[in-house]
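Engineer: The chain contents come next:
There are 2 protein chains.
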Amino acid sequence: MTLEFEIINRYFKKNTNVPLGIGDDAALINKNKREFWAISQDTLNNDTHFSSDTPPVELGWKALAVNVSDIYAMGGKPNYALLSISLNQHNEKWLKGFSQGLHACAKKYGVEIIGGDTTRGATSISITIIGSVFKKNVLKRDAAKVEDDIWVTGKIGLAAIGLDCVKKKIAMKDGLKKTFIEYLNKPQPSNIYSLQAKKLFHSAIDISDGLIADLSHILKSSGVSAEIFSNQLPVHPWTKKNEAYHYALYGGDDYQLILTAAQKNRSQIELLAKQEKIKLTCIGKITNGKKLKVFDTHGIPLKNLNKGFLHFDK
Amino acid sequence: MTLEFEIINRYFKKNTNVPLGIGDDAALINKNKREFWAISQDTLNNDTHFSSDTPPVELGWKALAVNVSDIYAMGGKPNYALLSISLNQHNEKWLKGFSQGLHACAKKYGVEIIGGDTTRGATSISITIIGSVFKKNVLKRDAAKVEDDIWVTGKIGLAAIGLDCVKKKIAMKDGLKKTFIEYLNKPQPSNIYSLQAKKLFHSAIDISDGLIADLSHILKSSGVSAEIFSNQLPVHPWTKKNEAYHYALYGGDDYQLILTAAQKNRSQIELLAKQEKIKLTCIGKITNGKKLKVFDTHGIPLKNLNKGFLHFDK
Chain A
-10 MTLEFEIINR YFKKNTNVPL GIGDDAALIN KNKREFWAIS QDTLNNDTHF
40 SSDTPPVELG WKALAVNVSD IYAMGGKPNY ALLSISLNQH NEKWLKGFSQ
90 GLHACAKKYG VEIIGGDTTR GATSISITII GSVFKKNVLK RDAAKVEDDI
140 WVTGKIGLAA IGLDCVKKKI AMKDGLKKTF IEYLNKPQPS NIYSLQAKKL
190 FHSAIDISDG LIADLSHILK SSGVSAEIFS NQLPVHPWTK KNEAYHYALY
240 GGDDYQLILT AAQKNRSQIE LLAKQEKIKL TCIGKITNGK KLKVFDTHGI
290 PLKNLNKGFL HFDK
Chain B
-10 MTLEFEIINR YFKKNTNVPL GIGDDAALIN KNKREFWAIS QDTLNNDTHF
40 SSDTPPVELG WKALAVNVSD IYAMGGKPNY ALLSISLNQH NEKWLKGFSQ
90 GLHACAKKYG VEIIGGDTTR GATSISITII GSVFKKNVLK RDAAKVEDDI
140 WVTGKIGLAA IGLDCVKKKI AMKDGLKKTF IEYLNKPQPS NIYSLQAKKL
190 FHSAIDISDG LIADLSHILK SSGVSAEIFS NQLPVHPWTK KNEAYHYALY
240 GGDDYQLILT AAQKNRSQIE LLAKQEKIKL TCIGKITNGK KLKVFDTHGI
290 PLKNLNKGFL HFDK
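If you read the protein sequences in the order shown, they are chains A and B. Residue 160 in the numbering used here sits at position 171 of the first sequence, with consecutive numbering throughout. Residue 208 in the numbering used here sits at position 219 of the second sequence, with consecutive numbering throughout.
Check each hint, because a few of them may be wrong.
Copies of one chain are not kept apart here, so a pair can be met inside one copy or by any two copies together.
To be verified - With a straight-line cut-off of 27 Å between C-alpha atoms, the simulated DSS-like cross-links for lysine-lysine are:
(1) Lys157 - Lys124
(2) Lys144 - Lys166
(3) Lys20 - Lys2
(4) Lys97 - Lys20
(5) Lys166 - Lys279
Hints in this document: simulated from the structure, not taken from any laboratory.
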């Protein structure tokens, strides 16, 4: 578990009367007999989650997209968002770009911006998202079952490659670099709402800190373990060619989903995903083992798994 | 109007399908036939809203209290809050103090903390609050009527005196200084829910940027003007003695409410306020004039009214 979770659990988690409080992708409160409101708040800070060079239009997109991802991870669909934006100075051009990106993302994912607040401070964007989810379709972290398939949406590890391109840690052709940086700056959460309407999955989480780190949350909450096969990971051809699977295993910022589902649902999931044009890949399975096992492309278990991004280094 | 509102209106306000979107103390979405959910998000940033010296226990209190105030300003009562906290480093002592203050405030105002998020970045706290309000009791900014009395809760201008004490701009005895700084760091929003259950008021706003600045929002939204009498303002004896009424007129951070109500409700308001132990003071009235008039303690209108705190200086 990352230190962030320790902090939240130690200092801020208390017993509540809501159906689901701190500790999942979103909190749940009652909406009506059949539905919950799912509510989540995520913050992006300058120099931690983006650089000053990040184009504001992409930042506006990303700030909302990372929140949309939390609602999808609960099996819900997003409805409303509130925005709190801190800026060191009033920058008309920046604000214009940011709002364009934000509204484009809002339009794509069907979100209405219903509240806003601007303050002076280090550049930071905090968005609260409110979505609705049918009670019977809720996906929590603690419901993975032994023998479940483990699925991921979209492609993973591309944002982390993009980040290394931005940081000039790796070099590649401009066209390819642009692709990866776009995955970093303009994540495209996968909408699994139509699939979950058929209650195909048991549990889910979105990948913000990296596949292994976020999968570990499911495993810990569900009291299970898993086996992951690197050669099944939905990666970019560059990753395969360079055998750079660590990006897919440990890289953050994907904002794709990890889902677990009973094996008997496999063909139905594949069929529906094809119909709905959602990329879904089975990457392993839930086990009753003691330890998460990740097999490299030669079928050899990796040693010393990295647990992903920490928000606070001790 | 402050520049903050211009920014929000220009870049982030769009038509929505919710009962109330951007532009009031909280947004409203439907809860059930009789009630709305009122939702608001407020951020406090280091060096803008608090200093690094602010005791974390008081900051934890304040971060939630300023949001509670927004719900009261809608005529509602607070239910839930989500917390997003950015810190430059993991500081166990700070977190412990902050969480103590936060939970103490949550307990006092009946709020459950249902979501949380910590990230690395410049110290900043963004809280989203969710409250419920009966549709018939909603207090908006745009419903002040000509001839309404203007009321304020509690005492005003004390937090701004506290801020000048912290900044060493004014000097006074330690005991008095402590009092004012406590008003700054530990605001105590006034709960008018029991009064509004009888639908006594027309409109409301909370005082975050200063009496004149925030009253101006009501006036602009309602298309009315007002007359305010300095000698009626509920101020501290120090303010009277030093004729320092500017603190009460322009000082921010009070987190008390400005309310307007028909004159015919005056005696009922006074009676109920006494029963409920809520301090309420009539400070002036709504007019159909062109311009807000503020009379000094000698009955002379002030010239060149300051419009209060701007989050962004142009």
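Engineer: Decide, hint by hint, whether the structure agrees.
Structural biologist: For each hint, the structure was consulted:
Taking the shortest alpha-carbon separations for Lys157 and Lys124, neither the intra-copy value of 46 Å nor the inter-copy value of 55 Å comes in at or below 27 Å. Within a single copy, Lys144 and Lys166 get their C-alpha atoms as close as 16 Å, which meets the 27 Å cut-off; across copies the closest is 59 Å, which misses it. When the C-alpha separation of Lys20 and Lys2 is checked against a cutoff of 27 Å, the pair qualifies both within a copy, at 22 Å, and between copies, at 26 Å. Proximity of Lys97 to Lys20 under the C-alpha cut-off of 27 Å is found in both arrangements, the shortest distances being 24 Å within a copy and 25 Å between copies.
In this assembly of identical chains, the alpha carbons of Lys166 and Lys279 never lie at most 27 Å apart, being 39 Å within a copy and 59 Å across copies at closest.
Hint violations for this structure: numbers 1 and 5, all remaining hints satisfied.
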